[in-house]
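Here are the chains, one letter per residue:
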Amino acid sequence: MTTKPSQGAGVSWPTLFVGMSLVLPLLGILLSGLFHDPHDLGNPLEDKAAPRFALPVLDDGKLLSLEDLNGKPAVINFWATWCQSCPMEHPVLEEAAREYGDRVQFVGIAYEDKKERLSAWLRQANRGRPSAYPTLIDIGGKAAVAYGVYGVPETYFLDATGTIRAKKTGPFLPYVDPASDGRLELRRIIEGLL
Amino acid sequence: MNSLLGHGLILLALSSATIGSILGFAAGRSGSKQGLQWTRRLAGTFAISLIAANVVMEYALLTHDFTVKYVDQVGSTASPTYITIVSLWSSLEGSILFWGFILGVYLLGFLVSTRGKHEEMTGYTLATVLAVGTFFAFLIAGPADPFGAVQPRPDSMHTGPNPLLQNHWLMIIHPPALYLGYVGMTIPFGMGIAALLRGHLGPSWMGATRRWMLIPFGFLTAGVVLGGWWAYEVLGWGGYWAWDPVENASFLPWLTAAAFLHAAMLEERRGLLKAWTVVLLLITFSLTILGTFMTRSGVFNSVHSFTQSAIGPTFLVFLAVILVISVLLVGLRMHLLVDEGELGSPLSRDAAFIVNNLLFAGFTFVVLVGTVFPLLAEAIKDVKLSVGAPFFNQLSVPIGVFIVFLMGVGPSLPWGRATSGEVFRLLRLPLGISAVLTLVAAALGMHRFWPLVTLFVALFAAIVALRDMVTPVQALMRRRSLSIPAAAVLAFQRGHRRYGGQIVHLGVALAVVSIAISSSYQTIGEASLKQGEVLTINEYQLRFEDSRNFREPHRDVLEARFTVLKDGQEIGSLGPRLNRYSGQMNPIGTPAVLSTAKEDLYLSLMSVGKGGASAGLRAFVNPMVSWLWVGSTIMVIGIIIAAWPARRRRVEPGEAQDDPTEGGE
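Protein chains in written order, with my numbering: chain A, 1199 to 1392; chain B, 819 to 1483.
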């Protein structure tokens, strides 16, 4: 601001130099920012053995453990009745669970919830049909903590050896647009496990 | 139908902006009157078609035309009408369209106000504004198209706009105020570019630019404060400013715009700092684009990054073009903007203004560096870190205090030069009074260093501002033997800019004292209470009564009721809440606040135990927070007064021009 060029002088090189040396690094930093997602907390468990659990099944109270799933790829969906996108996601999971049948084991783990509410919720969501996969009750939220669940719904994908291969934060939603259709995305991830 | 109409209007806007911009630059270069005429027509077409496109979108929203992509995305037949109206700016595509609406309105205002005036400058100005308009029209036409025709999603998925935006009425007016601030900076930017391209900057163009800057500056001030107020009323951590990247993004152009408004006075009055003044215009506009980029690119982790969108790269290219062209233009053309006067002595208002500008620039730099530093750290060392409030506070408090001090010094000193005896005579009274009052405050129990210093400089600045408002009235009373009201009215009419400016200073003084005291003397209490138990904080007792659960259309609410007693007397009841929104596991609290002139009692609910038998409560006593809102309101009123168009008047011979800001218009 105190540069005072004499009359008639043309280009002010110092101004150009100072200006560019402020502007270009700033642009560079912002550009680098585009390649990082600040919301991406990562999945520290990726390619690691899935944390073990043994939780009561909603229907009969029998314990179901991680070992019971071994030998089959598994889809573990953390959800809750108070979660507002879960009702939209539920049919997507049901449909996929029926479609893959014995080849993939689907498991729901209910987070911070009550047995009665869960049963009522599932009855309504399944419209009288039996559930296509079991729902476990996560007492004290221990499994959720072990898996590092950040929000519900959140879904973990395990391969046949019980290793976590992928994680989806947020619901799989049935969109018409193929690019954002959760039904296709879910199948893409599962195909990678098989 | 709405889709088609919307697309048509946007294409019309895009083509008239593109052609108008090219034509405007050509007309600016050749001075062709006809070229300018056509540029003005195209600018008008651009403005009106964008405004019309917004009308079409509002119509589509109100009639729930879910075949329009944006309506399908944010619309809901369950939303109340006012939510439907404001959902225009609730999401990315709509807010960019709304951006176009505001630019259209500003542009029409500019076209009307420059009819038959400043012809040598308006060509370039319109060309620049239309170039910016071309970019935004392109965004609306392609990457962020809100008008796309879609197959509607099933009705159950039309859940309405982002729940956070429906949470509080402040959220309805905070974004438009900010937008009016951001977008309005486009006009003064165009005017600055015109000055560079013409290589000429006279007092009358400067005066016009200053007014066009004051309008968005007023809105930006309101927008920033409303954002802080919203955070305070909604987010529940007991404060109003967290140096969040996006908060900073709105504060940065505010700082440089404030610097400009002061530099412009020096330019108008003394013909100094011409190039620097124009540089401030360019920086301010660039910072508004940077702010939009920060909010919309998803690069920064912030409460504001509602959208993770693909337009980040497009915005960055635009920002790069603006910054690089600005630097080139300044480097190549600033030698033409030659200062006309000589800088006064270090003891003069001139010098105070220059130091003021250096401080504003330094402040801007500090905030900018702090804001982008996490990105730099991640790029270089791949570590995630955040620059916290302590960094910003440590640097901004001294700078802010110094700026407020100059706010008292500047208006006291004469232009040009002053002797040290004169300076002493002018400053001793306000300095003396504020020193005495500060000592009184210290005696009353205020012992911390920075709040006391802040109080001292704010009192000093306020006394100077008051004196500056009273002196012309006294002079008129003496000279013309007028009564107090008559003299006050006349003084105000003659110097409304001066009065506006000093009213802003009073507002700033009040606001900074409120900030200093509320942030230094906050009391925090925390407890887990069973029903009937009491948490005592200062002279308040908070008794937990009970809690209840209920459902609102867009959220589940858990509310705890507390009876508030002061010195054993029941004075009211407060119900802080926890709200659970769809798809979010962590509930969002809504605090309950009991505001008085002295302090706010602010309750934030942390948790509720099984069956509602116990509640985790965080209570704050925040002194003087209400005065921040009062001070900010005073600032906005002052800005409106300063921006009000001057009545044309004849200066009577022999009558000294009192108004320190009045140039040679």
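Just to be clear, a hint being listed does not mean it is correct.
As the list claims (entries may be wrong) - Label pairs and their calculated CB-CB ranges:
#, chain 1, residue 1, chain 2, residue 2, range
1, A, A1318, B, G1427, 49 to 57 Å
2, B, K1384, A, E1293, 53 to 61 Å
3, B, S1425, A, A1318, 50 to 58 Å
4, A, A1323, B, V968, 39 to 47 Å
5, A, G1269, B, V1139, 55 to 63 Å
6, A, L1382, B, G826, 28 to 36 Å
These are computed hints drawn from the structure, not numbers from a lab.
Built from N, CA and C at the ideal position, the CB exists for glycine as well.
Checked hints:
1. In this structure, A:A1318 and B:G1427 break the distance hint of 49 to 57 Å, their C-beta atoms being roughly 24 Å apart.
2. Checked against the given bound of 53 to 61 Å, the beta carbons of B:K1384 and A:E1293, roughly 59 Å apart, stay inside it.
3. Range check, B:S1425 to A:A1318: about 25 Å between beta-carbon atoms, so the 50 to 58 Å window is missed.
4. Between A:A1323 and B:V968 the C-beta distance comes to about 27 Å, which lies outside the given range of 39 to 47 Å.
5. The beta-carbon spacing between A:G1269 and B:V1139, approximately 58 Å, falls within the hinted interval of 55 to 63 Å.
6. The given range of 28 to 36 Å is respected by A:L1382 and B:G826, whose C-beta atoms sit roughly 34 Å from each other.
In summary, the numbered hints that this structure violates are 1, 3 and 4.
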